[in-house]
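Peer 1: In case you want the letters, here they are:
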Amino acid sequence: MSRDTQWPRYEVFKQDRPDKPHAAVGTVHAPDPEVALLNARDVFVRRPSCYSLWVAPESAVFKMTAYELETQPNWWVEELPEEAPEETYHIFNKQTQRRSMVAVTHVGEVTARSPREALRKAIESGQFVEKVAYMWWVVPESAIARSSEEDVLSMFEPAKDKTYRDQSYYTGGVFARRSQRRPEDIPLS
Amino acid sequence: MTDDRTYEEKLAEFEARIERGEKIEPGDWMPDEYRRQLIRMISQHAHSEVVGMLPEGAWIPHAPSLRRKMILIAKVQDEGGHGQYLYHAAESLGVDREELIEALLAGKAKYSNVFNYPTLTWADIGMIGWLVDGAAIKNQTMLAHSSYGPYSRAMVRICAEETFHYKQGKEMITLYAKGTPEQRQMAQDALNRWWWPALMMFGPPDSQSIHTETLMRWKIKIKTNDQLRQEFINEIVPEFLALGLEIPDPDLHYDEETGNWVIGEIDWDEFWRVIRGNGPMNRDRLAARREAHEKGKWVREALEAYAQRQAQAA
Amino acid sequence: MNKKLQQALMDRLVAMADDEVILGHRDSEWTGHAPILEEDIAIANLAQDEIGHAIIWYELAEPFTGNDADSMAYFRDARQFRNVQMVELPNHDWAFTMLRHYLYDAYELALLTRLVESKFEALAKAAEKVRNEEVYHFRHTSDWVERLGLGTEESNTRMQRALDHLWPYALQLFRPMPLDDTLIEADYFPELGELRSAWEQVVIPHLEKSDLKVPDAEPIYAHRHHHTEHLVDLLADMQMVARSLPDAVW
Chain S
486 MSRDTQWPRY EVFKQDRPDK PHAAVGTVHA PDPEVALLNA RDVFVRRPSC YSLWVAPESA
546 VFKMTAYELE TQPNWWVEEL PEEAPEETYH IFNKQTQRRS MVAVTHVGEV TARSPREALR
606 KAIESGQFVE KVAYMWWVVP ESAIARSSEE DVLSMFEPAK DKTYRDQSYY TGGVFARRSQ
666 RRPEDIPLS
Chain D
427 MTDDRTYEEK LAEFEARIER GEKIEPGDWM PDEYRRQLIR MISQHAHSEV VGMLPEGAWI
487 PHAPSLRRKM ILIAKVQDEG GHGQYLYHAA ESLGVDREEL IEALLAGKAK YSNVFNYPTL
547 TWADIGMIGW LVDGAAIKNQ TMLAHSSYGP YSRAMVRICA EETFHYKQGK EMITLYAKGT
607 PEQRQMAQDA LNRWWWPALM MFGPPDSQSI HTETLMRWKI KIKTNDQLRQ EFINEIVPEF
667 LALGLEIPDP DLHYDEETGN WVIGEIDWDE FWRVIRGNGP MNRDRLAARR EAHEKGKWVR
727 EALEAYAQRQ AQAA
Chain Z
799 MNKKLQQALM DRLVAMADDE VILGHRDSEW TGHAPILEED IAIANLAQDE IGHAIIWYEL
859 AEPFTGNDAD SMAYFRDARQ FRNVQMVELP NHDWAFTMLR HYLYDAYELA LLTRLVESKF
919 EALAKAAEKV RNEEVYHFRH TSDWVERLGL GTEESNTRMQ RALDHLWPYA LQLFRPMPLD
979 DTLIEADYFP ELGELRSAWE QVVIPHLEKS DLKVPDAEPI YAHRHHHTEH LVDLLADMQM
1039 VARSLPDAVW
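Chains as they are written, first to last, in my numbering: chain S, 486 to 674; chain D, 427 to 740; chain Z, 799 to 1048.
Since the hints were derived computationally from the structure, they do not count as laboratory data.
Treat each hint with caution, since some may be false.
Not close to chain S: a few residues of chain D, all C-beta gaps over 10 Å, as computed [claimed, not checked]:
{"hint": "1", "residue": "449"}
{"hint": "2", "residue": "457"}
{"hint": "3", "residue": "465"}
{"hint": "4", "residue": "533"}
{"hint": "5", "residue": "570"}
{"hint": "6", "residue": "571"}
{"hint": "7", "residue": "606"}
{"hint": "8", "residue": "622"}
{"hint": "9", "residue": "629"}
{"hint": "10", "residue": "656"}
{"hint": "11", "residue": "665"}
{"hint": "12", "residue": "669"}
{"hint": "13", "residue": "682"}
{"hint": "14", "residue": "685"}
{"hint": "15", "residue": "696"}
{"hint": "16", "residue": "702"}
Here are the simulated DSS-like cross-link-like pairs (lysine-lysine), alpha carbons at most 30 Å apart as the crow flies [claimed, not checked]:
{"hint": "17", "chain 1": "D", "residue 1": "721", "chain 2": "Z", "residue 2": "917"}
{"hint": "18", "chain 1": "D", "residue 1": "649", "chain 2": "D", "residue 2": "436"}
{"hint": "19", "chain 1": "Z", "residue 1": "801", "chain 2": "D", "residue 2": "721"}
{"hint": "20", "chain 1": "Z", "residue 1": "802", "chain 2": "S", "residue 2": "647"}
{"hint": "21", "chain 1": "D", "residue 1": "723", "chain 2": "Z", "residue 2": "1011"}
{"hint": "22", "chain 1": "S", "residue 1": "647", "chain 2": "Z", "residue 2": "1007"}
{"hint": "23", "chain 1": "D", "residue 1": "649", "chain 2": "D", "residue 2": "536"}
{"hint": "24", "chain 1": "D", "residue 1": "723", "chain 2": "D", "residue 2": "536"}
{"hint": "25", "chain 1": "Z", "residue 1": "927", "chain 2": "S", "residue 2": "505"}
{"hint": "26", "chain 1": "D", "residue 1": "723", "chain 2": "Z", "residue 2": "1007"}
{"hint": "27", "chain 1": "S", "residue 1": "645", "chain 2": "Z", "residue 2": "917"}
{"hint": "28", "chain 1": "D", "residue 1": "604", "chain 2": "S", "residue 2": "647"}
{"hint": "29", "chain 1": "D", "residue 1": "436", "chain 2": "S", "residue 2": "616"}
{"hint": "30", "chain 1": "D", "residue 1": "564", "chain 2": "D", "residue 2": "534"}
{"hint": "31", "chain 1": "S", "residue 1": "647", "chain 2": "Z", "residue 2": "917"}
{"hint": "32", "chain 1": "S", "residue 1": "645", "chain 2": "Z", "residue 2": "923"}
{"hint": "33", "chain 1": "Z", "residue 1": "1011", "chain 2": "Z", "residue 2": "927"}
{"hint": "34", "chain 1": "S", "residue 1": "616", "chain 2": "D", "residue 2": "645"}
{"hint": "35", "chain 1": "D", "residue 1": "649", "chain 2": "S", "residue 2": "645"}
{"hint": "36", "chain 1": "D", "residue 1": "649", "chain 2": "D", "residue 2": "564"}
{"hint": "37", "chain 1": "S", "residue 1": "647", "chain 2": "S", "residue 2": "505"}
{"hint": "38", "chain 1": "D", "residue 1": "645", "chain 2": "D", "residue 2": "564"}
{"hint": "39", "chain 1": "D", "residue 1": "436", "chain 2": "S", "residue 2": "647"}
{"hint": "40", "chain 1": "S", "residue 1": "505", "chain 2": "S", "residue 2": "645"}
Computed from a prediction, not measured in an experiment: that's the story for all the values here.
No residue lacks a Cβ here, since even glycine has one placed at the ideal position from N, Cα and C.
Chain S on its own, in the form it takes in the complex:
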């Protein structure tokens, strides 16, 4: 018997509103980026609100905690070929120990030749941290599949009508059937 597959994992980044950054909400298992995007919607947008979703293969996300940075002083050392092309990397980090449902939040982009280089540049620039960062994630732009603005209506808006999924819907009211008539003789043609 061949080994079971639950499909690879994709990290999911959700943006609640256009003026908020994307944040890491969890992962979905999916065979490819398109299915990952739909699964992300079904798993993480059962309730409002969402404006945009990004998914990226978990294996493409470079992660370092503050502890790792501290205890591995040469963490950024690597051999990069001279001609390694530059690309855009998205930088995420976690700057609070407050209770939260998201792991890291998008703080900006840098151009670099590798995830390690991107992280080193991000840290050295000093522009992505106010006081302290407990965890950093680096995601190459090329690894991201994203929802578009046209998807908002069909993917994210409908959750707003599913009011019965929200606890505030249950106010202790009593629900009567409006008509007690048995529709035995509705003259349908």
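Here the structure of chain S is known, so what remains is to put chains D and Z in place on it, guided by the hints.
Peer 2: For chains D and Z alone, coordinates are given in the frame of chain S:
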């Protein structure tokens, strides 16, 4: 590139971080025992959510109004979502979902005993929402403070959704307790059957709980089984009594001095019997999970094959 | 609105609602049993959406039927339902379920795209809302048809078998109801011949691209008041609690 401090130094720093209220994240140093306990607890919790879809799912076809039907589908869907979040938290510790599910299907993993009891009437759906999810929420609210980052985050997300489960159940039982004589009888019958299994959900008494001390020291848990159980009893007993429902415990009484509702003896023999696999529905639950897993195999493989071909073509 | 137009509108709205409630019920039977956790969650969304749509259509029909959505869903017998047979067939396997949904979603999306122009304003307004969700359903099930069609030999075989079985049933969607002409004349509802060719233009190329052969088969001969035995079983499941205490509030 290596951290050359001794184990004791690392452990001291780890415990100091937990003491300061910092979250431990994947990648951080942690004692093997911390990792082992987390994998054990989180995977049990994930399995409970997924197996927990079955007893309630069985009544989706019979939901007595379209509104109730949508609510119940959404609720069982949430249980699936919660299982999904929790498997994710376990995966962050270096295990994969394939092996976790394999362990469940092979009967090697535990899940909450309560789902090994059958749902016999529609009122059971209301009672599970109010009583069983009410008990689950006590636990989950505590676990949202857990020291392990991914577990805590999954729990915060779960708690935000779970209150709906509790409220829709309470709404139903409240309605049925005041409804027709048959509905009232269904509600009472459901309480009779679910009361004790729900109280057992908090786990064995502290005197018999082998993991509690470790879990509390590392703030994976922050309250003991008995503490949580008592808090829950104190909250829910007056609510049932106010509806005129009877609690199926002749020894139940209010202790003025402690302010606690004191219950009679829990049948721990039954608890251990069900854990060992001999509850009313254990075999059936696992059989249903295995069947879905086996019937889904060709589907999972087909999508994997499609993805590989697309990747090669690109 | 004259009597005949009212009757025609009621017939159609009830037919639309019945299609959705029966399909939603079938979808919901997968909850807890789907091939992977993520799909369990996804199909539970489809189920809720379809049942939600049914409520919308039943409520639009309420002034004509004199009954609310629950009375319509829970207190009619099989012979009084006006859904197509395709939606009442048992789920069989995941290939059958996804393909049926795809064929239905393509129909519903084409229908809604026309209904947003309906001269019956309440219907046009409701169609606008329902269409948003249906765009997503169609994307979801199109993706699945393509992946299962092109996946493995087994998945392709299962899909082809499902298509051979379902195609004649799917064509029942385009069989006119007795008073449709009245609705079309009033610009309340689209002409089904045109709807069918729009549907075929979407569905046939996608099936072929997914390595599936569209069978050369006649539509099943059935009016919307003809049903299979499967609907009787389905309604027995669905209505048992509601009918056990018909005067209770749930």
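Peer 1: All hints, please: hold or fail.
Peer 2: Hint by hint, here is what the structure shows:
1. Not every C-beta of chain S lies more than 10 Å from that of residue 449(D), the closest at about 6 Å, which undercuts listing it as non-interface.
2. Listed as outside the interface, residue 457(D) is consistent with that label: its C-beta sits roughly 14 Å from the nearest C-beta of chain S, beyond the 10 Å cut-off.
3. The non-interface label for residue 465(D) is consistent with chain S: the shortest C-beta to C-beta separation is roughly 17 Å, beyond 10 Å.
4. With a least CB separation of 16 Å from chain S, residue 533(D) remains clear of the 10 Å interface cut-off, as annotated.
5. Not every C-beta of chain S lies more than 10 Å from that of residue 570(D), the closest at about 6 Å, which undercuts listing it as non-interface.
6. Residue-level check failed: residue 571(D) sits 7 Å from the nearest beta carbon of chain S, not beyond 10 Å.
7. No Cβ of chain S approaches the Cβ of residue 606(D) within 10 Å, the least distance being about 13 Å, so the stated non-interface status holds.
8. Residue placement check: residue 622(D) keeps its beta carbon more than 10 Å from all beta carbons of chain S (closest about 26 Å).
9. The Cβ of residue 629(D) lies farther than 10 Å from every Cβ of chain S, with a closest approach of about 24 Å, so its non-interface assignment holds.
10. No beta-carbon of chain S comes within 10 Å of the beta-carbon of residue 656(D); the shortest separation is about 25 Å.
11. Distance check on residue 665(D): its Cβ is at least 12 Å (rounded) from any Cβ of chain S, clearing the 10 Å threshold; non-interface status holds.
12. Its beta-carbon lying about 12 Å from the closest one in chain S, residue 669(D) satisfies the requirement of being farther than 10 Å from that chain.
13. No beta-carbon of chain S is positioned within 10 Å of the beta-carbon of residue 682(D); the least distance is around 30 Å.
14. Every CB of chain S is more than 10 Å from the CB of residue 685(D) (nearest about 26 Å), matching its label as outside the interface.
15. Every CB of chain S is more than 10 Å from the CB of residue 696(D) (nearest about 33 Å), matching its label as outside the interface.
16. With a closest Cβ-Cβ approach of about 26 Å to chain S, residue 702(D) is found to remain outside the 10 Å limit, as its non-interface label requires.
17. Of the supplied pair hints, the one linking residue 721(D) and residue 917(Z) is violated, its CA atoms being roughly 47 Å apart against a limit of 30 Å.
18. A hinted pair counts as satisfied when its Cα atoms are at most 30 Å apart, and residue 649(D) with residue 436(D) qualifies at roughly 26 Å.
19. Distance restraint check for residue 801(Z) and residue 721(D): the Cα-Cα separation of roughly 51 Å exceeds the 30 Å cut-off, and the hinted pair is therefore not satisfied.
20. Distance check on the hinted pair: residue 802(Z) and residue 647(S) sit about 35 Å apart at the alpha-carbon level, beyond 30 Å; violated.
21. Between the alpha carbons of residue 723(D) and residue 1011(Z) the distance comes to roughly 24 Å, so the proposed pair stays at or under 30 Å and holds.
22. A hinted pair counts as satisfied when its Cα atoms are at most 30 Å apart, and residue 647(S) with residue 1007(Z) does not qualify at roughly 35 Å.
23. Between residue 649(D) and residue 536(D), the direct Cα distance comes to roughly 21 Å. Compliance with the 30 Å bound is thereby established for this hinted pair.
24. Between the alpha carbons of residue 723(D) and residue 536(D) the distance comes to roughly 23 Å, so the proposed pair stays at or under 30 Å and holds.
25. A distance of roughly 26 Å separates the Cα atoms of residue 927(Z) and residue 505(S); the hinted pair therefore holds under the 30 Å criterion.
26. Restraint check: the Cα-Cα separation between residue 723(D) and residue 1007(Z) comes to about 24 Å, which is no more than 30 Å; the hinted pair holds.
27. For the hint pairing residue 645(S) with residue 917(Z), the CA-to-CA distance comes to about 27 Å; that is within 30 Å, so the pair holds.
28. With a CA separation close to 27 Å, the supplied pair residue 604(D) and residue 647(S) stays within the 30 Å bound.
29. Distance restraint check for residue 436(D) and residue 616(S): the Cα-Cα separation of roughly 24 Å lies within the 30 Å cut-off, and the hinted pair is therefore satisfied.
30. At most 30 Å may separate the alpha-carbon atoms for a hinted pair to count; residue 564(D) and residue 534(D) meet this at roughly 27 Å.
31. For the hint pairing residue 647(S) with residue 917(Z), the CA-to-CA distance comes to about 28 Å; that is within 30 Å, so the pair holds.
32. Proximity of residue 645(S) to residue 923(Z) is assessed by CA-CA distance (about 17 Å); at most 30 Å being required, the pair is judged to hold.
33. Taking the CA atoms of residue 1011(Z) and residue 927(Z), the gap is near 34 Å; set against the 30 Å cutoff, the hint is violated.
34. A threshold of 30 Å between alpha carbons decides the hint, and for residue 616(S) with residue 645(D) the separation of about 26 Å falls inside it, so the pair holds.
35. Taking the CA atoms of residue 649(D) and residue 645(S), the gap is near 36 Å; set against the 30 Å cutoff, the hint is violated.
36. Under the criterion of a C-alpha separation no larger than 30 Å, the hint pairing residue 649(D) with residue 564(D) is consistent with the structure, at around 10 Å.
37. Between residue 647(S) and residue 505(S), the direct Cα distance comes to roughly 23 Å. Compliance with the 30 Å bound is thereby established for this hinted pair.
38. For the proposed pair residue 645(D) and residue 564(D), the alpha carbon gap of about 16 Å is at most 30 Å, so the pair holds.
39. Only pairs whose Cα atoms come within 30 Å are accepted, and residue 436(D) paired with residue 647(S) is rejected, the gap being roughly 49 Å.
40. A C-alpha spacing of about 18 Å is found between residue 505(S) and residue 645(S), which places the hinted pair at or below 30 Å, so the restraint holds.
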